[in-house]
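S.K.: For reference, the chains in residue letters:
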Amino acid sequence: MKALIIAEHDGQHLKSSTRSVLTAAAELCNDLVVLVAGHDCEKVALEASRFGGVKKVLLAQAPFYQRISAEDLSELVLKIVEDFQYVLTPATTFGKNFLPRVAARLDVAQVSDVVKIISPRTFVRPIYAGNAYQTVELNERIYVLTIRTTAFKAAILGEQSAEIEAMAPLEPIKTVKFIRHEQSVAKRPDLTQARVVVAGGRGLQSKENFQLIEQLADKLGAAIGASRAAVDAGFISNDYQVGQTGKIVAPELYIAIGISGAIQHLAGMKDSKVIVAINKDGNAPIFQVADYGLVGDLFKIIPEFCKELEQPT
Amino acid sequence: MKILVATKRVVDYNVRIRIKPDHSGIDLTNLKMSMNPFDEIALEQAVRLKEADVASEVIAVSLGTSECQEVLRSALARGACRAVLVETAVELQPLAVAKLLKVIVEREKPQLVILGKQAIDDDSNQTGQMLAALLNWPQGTFVSELKWLKNQVEVTREVDDGLEILNIDLPAVLTVDLRLNEPRHISLPNIMKAKQKTIETIQAEELGVDINPRLMSLETTPPLPRIGGVRVETVKELVAKLKELQVLPV
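Order-wise, the sequence lines are chains A and B. For the first sequence, position 210 (counting from the first letter as 1) is numbered 213 according to the numbering used here, and the numbering increases by one without interruption. For the second sequence, position 118 (counting from the first letter as 1) is numbered 171 according to the numbering used here, and the numbering increases by one without interruption.
None of these hints come from the bench; they were simulated from the model. The reader is advised that the hints may include incorrect statements.
With a Cα cut of at most 25 Å, we get these calculated DSS-like pairs of lysine-lysine [as the list claims (entries may be wrong)]:
| hint | chain 1 | residue 1 | chain 2 | residue 2 |
| --- | --- | --- | --- | --- |
| 1 | A | Lys177 | B | Lys250 |
| 2 | A | Lys276 | B | Lys103 |
| 3 | B | Lys203 | A | Lys310 |
| 4 | B | Lys250 | A | Lys310 |
| 5 | A | Lys222 | B | Lys203 |
| 6 | B | Lys55 | B | Lys203 |
| 7 | B | Lys103 | A | Lys303 |
| 8 | B | Lys250 | A | Lys180 |
| 9 | B | Lys296 | A | Lys156 |
| 10 | B | Lys55 | B | Lys250 |
| 11 | A | Lys303 | B | Lys73 |
| 12 | A | Lys303 | B | Lys162 |
| 13 | B | Lys55 | B | Lys246 |
| 14 | B | Lys103 | B | Lys246 |
| 15 | B | Lys200 | A | Lys180 |
| 16 | B | Lys200 | A | Lys283 |
| 17 | A | Lys177 | A | Lys190 |
| 18 | A | Lys82 | A | Lys59 |
| 19 | A | Lys310 | A | Lys190 |
| 20 | A | Lys276 | B | Lys294 |
| 21 | B | Lys162 | A | Lys310 |
| 22 | B | Lys250 | A | Lys222 |
| 23 | B | Lys296 | A | Lys180 |
| 24 | A | Lys276 | B | Lys289 |
| 25 | A | Lys222 | B | Lys200 |
| 26 | A | Lys222 | A | Lys190 |
| 27 | B | Lys246 | B | Lys296 |
| 28 | A | Lys119 | B | Lys246 |
| 29 | A | Lys177 | B | Lys55 |
| 30 | B | Lys294 | A | Lys283 |
Pairwise CB distance ranges, derived in the manner of DEER restraints [unchecked claim]:
| hint | chain 1 | residue 1 | chain 2 | residue 2 | range |
| --- | --- | --- | --- | --- | --- |
| 31 | A | Gly299 | B | Asn67 | 43 to 49 Å |
| 32 | A | Glu255 | B | Met86 | 36 to 42 Å |
| 33 | B | Leu277 | A | Gly14 | 45 to 51 Å |
| 34 | B | Pro278 | A | Glu255 | 16 to 22 Å |
| 35 | B | Pro278 | A | Phe181 | 32 to 38 Å |
For each residue, glycine too, the CB sits at the ideal point set by N, CA and C.
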């Protein structure tokens, strides 16, 4: 049994999403091959070669593979995929974008967002935004999986170093042209990868007051999130929305402030390790999922919270 | 230029789902069903392109049982010109939907197919990409902004590390994200008008593609309930607890 892992990386390092996929792949077999496609990314290949279970790294480099398109990447994968029984990549926007193209061309199903591997062909995945988990079994010649990265620990660098083999780039597909990439304001960590998220809801009452959330987030080095109510009220733009139709997050610490806890919101954050709820309504449903609840006036509590964090331990 | 929009009938986004006591699936009895919210956004975008005289026709397609007619009726009320139901009692999974849509695309010859980035029931996020691959068309997924250039579209994609802007040649498949637009409310006159329009029905089995489900569901279980619910009285106490758990950054 052999598994092909398509690496998500930033040109310098493997993203932690790929390391989670390595852990998942190692549960399926011990012959792992990592495909690194990019431009000037030997360093990434070198890093990939050091993880336990990795037998080979395929390195495909070309200038047009920097921010590689789904079209180019899927062709690259299809070129080598028939040697494998498993193909895995993270269930991030990177993986979601190209892997279904591979599955469709192979005429096999894809299992999205795998959170647990039960057997070589039985997997658990969330449906209805995590309000239910479905165990699915399938029988395909190649199993094509995206991995929910919050469900598997990131693999740790080993001592070994596997062979790195260059793979020739293919002809570029010209129907898609990359124009540019705009980085989110990178002052704060990415919402989906942050260790701490501070999220605000309707209780903040205004866009101006939402700055209180930012102040607390700055103190904690946290990402900012918001409930749909806060987004709909115009307090913050909707790329900050956490929930069923927004982003799904599972940080170490999620602090929900002035959020009542509508089911759509809970769907997006209830897998967080520790949840703190701050709300003036002691009966708000958010308290049912919170590890720690504090009932009170957020306009008093947030400044106090900020101040408390400045205290030396 | 024709635009085809695929719309899925799903449990309404405000409804709390119930898992069957024997864990054999989701109990859909008497649940309110609606158009997948992401597909509403896809349709809205198509209708706007029609209103801007970029598109000549907007065709809504839905696949499934005859009950999908409700979804197509609402698509017509929202501005679709006509509607096609690909009818089947078979539980359709993304690969099957992509194969069926491919046949419809080959028949209707749209320049653009727009879909929601995912359905809020199975959350697979596959169908658009699979359709693009089967057609050998380029794709733009998670689109939050769309500009019309002649024979091309410029799309802004919402990706985990920000925004990515691509120029895509037509014909193409686009899947849309929440920020693209805010779908209009359906007005009563438009609901009435939609009742006059006909929905063409095609039997999926006649389209000659393999639509059998590949994923067999063994069990559907609720998520583990969270344990907790400790109330703290003061901020001091809260911060002390968090420090104890070592979840605060040092």
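S.K.: Against which earlier hints does the structure fall short, listed by number upward?
M.R.: 1, 2, 3, 4, 5, 7, 8, 11, 12, 16, 17, 21, 22, 23, 25, 27, 28, 31, 33, 35
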